[in-house]
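First to last, the sequence lines map onto chains A and B. Using this note's numbering, the first residue of the first sequence is number -16, and each one after it goes up by one. Using this note's numbering, the first residue of the second sequence is number -16, and each one after it goes up by one.
Calculated directly from the structure, the hints in this document are not laboratory data. Any given hint might turn out to be false.
Given that identical chains are not distinguished, each listed pair holds provided it fits within a single copy or across any two copies.
[As the list claims (entries may be wrong)] Each computed DMTMM-like pair below joins lysine to aspartate or glutamate, with the alpha-carbon atoms no more than 20 Å apart: (1) Lys127 / Glu158; (2) Lys126 / Glu152; (3) Lys96 / Glu20; (4) Lys71 / Glu(-7); (5) Lys71 / Glu158; (6) Lys203 / Glu131; (7) Lys71 / Asp36; (8) Lys193 / Asp5; (9) Lys196 / Glu179.
In case you want the letters, here they are:
Protein chains: 2
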Amino acid sequence: MAEESNKLQELSIDCVIFGFEDHQLKILLYQRAIEPEMDQWALPGGFIKIDEDLDRSASRILKEVTGVNNIYMQQINAFGAVNRYPQKRVITIGFYALINPGNYNIVPGVGAKAAQWFDIAQIPVLSFDHNEIYLYALNILRKKVRYEPIGFELLPEKFTLTLIQRLYEAVLGIEFDVRNFRKKLLKMNLLIKLPEKQEGVAHRAANLYKFDKKIYNELKGKGFMFDL
Amino acid sequence: MAEESNKLQELSIDCVIFGFEDHQLKILLYQRAIEPEMDQWALPGGFIKIDEDLDRSASRILKEVTGVNNIYMQQINAFGAVNRYPQKRVITIGFYALINPGNYNIVPGVGAKAAQWFDIAQIPVLSFDHNEIYLYALNILRKKVRYEPIGFELLPEKFTLTLIQRLYEAVLGIEFDVRNFRKKLLKMNLLIKLPEKQEGVAHRAANLYKFDKKIYNELKGKGFMFDL
Chain A
-16 MAEESNKLQE LSIDCVIFGF EDHQLKILLY QRAIEPEMDQ WALPGGFIKI DEDLDRSASR
44 ILKEVTGVNN IYMQQINAFG AVNRYPQKRV ITIGFYALIN PGNYNIVPGV GAKAAQWFDI
104 AQIPVLSFDH NEIYLYALNI LRKKVRYEPI GFELLPEKFT LTLIQRLYEA VLGIEFDVRN
164 FRKKLLKMNL LIKLPEKQEG VAHRAANLYK FDKKIYNELK GKGFMFDL
Chain B
-16 MAEESNKLQE LSIDCVIFGF EDHQLKILLY QRAIEPEMDQ WALPGGFIKI DEDLDRSASR
44 ILKEVTGVNN IYMQQINAFG AVNRYPQKRV ITIGFYALIN PGNYNIVPGV GAKAAQWFDI
104 AQIPVLSFDH NEIYLYALNI LRKKVRYEPI GFELLPEKFT LTLIQRLYEA VLGIEFDVRN
164 FRKKLLKMNL LIKLPEKQEG VAHRAANLYK FDKKIYNELK GKGFMFDL
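Bound-form chain A, shown alone (with noise of 0.2 Å):
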């Protein structure tokens, strides 16, 4: 085809976009309506062009496959394994990012048959080695909510500490104790109590919080140590 002849032929990009719905978490998947592993799940990716930087590349791909556009991706590492690709020699760079799923529509697109968003607990077999691009992408979220504060990208503007601790349980895979997780938290000095409560809901309304966006960027840079 023309239109591939100004791509690289070696060289592909897929992405892992994570999301927190309903107090899961969640990754952004495609179905494939081109060969190879036409009807496969996959990780949106494609082909980068040969006049195209890597980030811009990333977020192109992903627009055209999955419709989600200006969102900040962050490379995570090449997987290049001999046989991933089949027929030809595709070594592909995976790129990953954090967004709040409500605030996107997701619009199936080039080669695409169908986008949605996935629970992590219910991963299908995805395509190629993407299962493996997928644990690897997780397991650095995993590593990094130790390090530094996440949430500002997968949260709503204003949060109750439940969500917030749901976030890092749906994460971790772990459950944490209440009183232990909101005494580590709020040690921090990264939340600002809002005067605020909770609306709509059925039982005792709780308060809310937002992130203390000085210390938010100041942690992120510097890097901590959140002991969960």
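Starting from the known structure of chain A, fit chain B onto it as the hints suggest.
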């Protein structure tokens, strides 16, 4: 060239090898004997063979160019700015490692006029975007020393507290107060004090230490915060 036909033409590997010697942090460079950028100093690098996994490719390339063999390298990042390489589009995957230079012979090989260690205070202008790749790796190393123990691969088996302080100072480019540094270091229980003392020194012989391998590996897995 026939030899080139079994190599991926769009994708290379470059290696940032850190060593610690004479109280200095160093990296291993080679002088190019081939175009492009003939005669320039560069990070040891080359193209990936079509039937080679990435780790094996990195090891082969490092050995061919510099003679350094049998070291474990870790991927850091792919570098793919559109014009990073002349004439064609080449994306490179950076690898890095920490070694003790005393344990290895440098033998300039394929495509190399020379190969040697350079003190990081005196890194020349390197080929392509290699200064950027080196700085990226240095930055990773600087973050890493705050989160996990280092030194095992860089120091002799038995070392003085002064030597390990010099290592941290060389990596971070900071001078530490002796008492403070030792207090923080010893608090981690990472070191075992040996009955022997330093030999062959004019001044008063200092105590020798070695790493407690079990704790070293535990901390490496779990991570810590060395608040330097």
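Here is what the structure says about each hint:
no.	hint	in the structure
1	Lys127 / Glu158	within (18 Å within a copy, 29 Å between copies)
2	Lys126 / Glu152	within (13 Å within a copy, 26 Å between copies)
3	Lys96 / Glu20	within (12 Å within a copy, 47 Å between copies)
4	Lys71 / Glu(-7)	both (8 Å within a copy, 14 Å between copies)
5	Lys71 / Glu158	neither (44 Å within a copy, 52 Å between copies)
6	Lys203 / Glu131	both (5 Å within a copy, 17 Å between copies)
7	Lys71 / Asp36	between (23 Å within a copy, 14 Å between copies)
8	Lys193 / Asp5	within (19 Å within a copy, 50 Å between copies)
9	Lys196 / Glu179	within (19 Å within a copy, 52 Å between copies)
Taken one by one, the earlier hints fail for this structure only at number 5.
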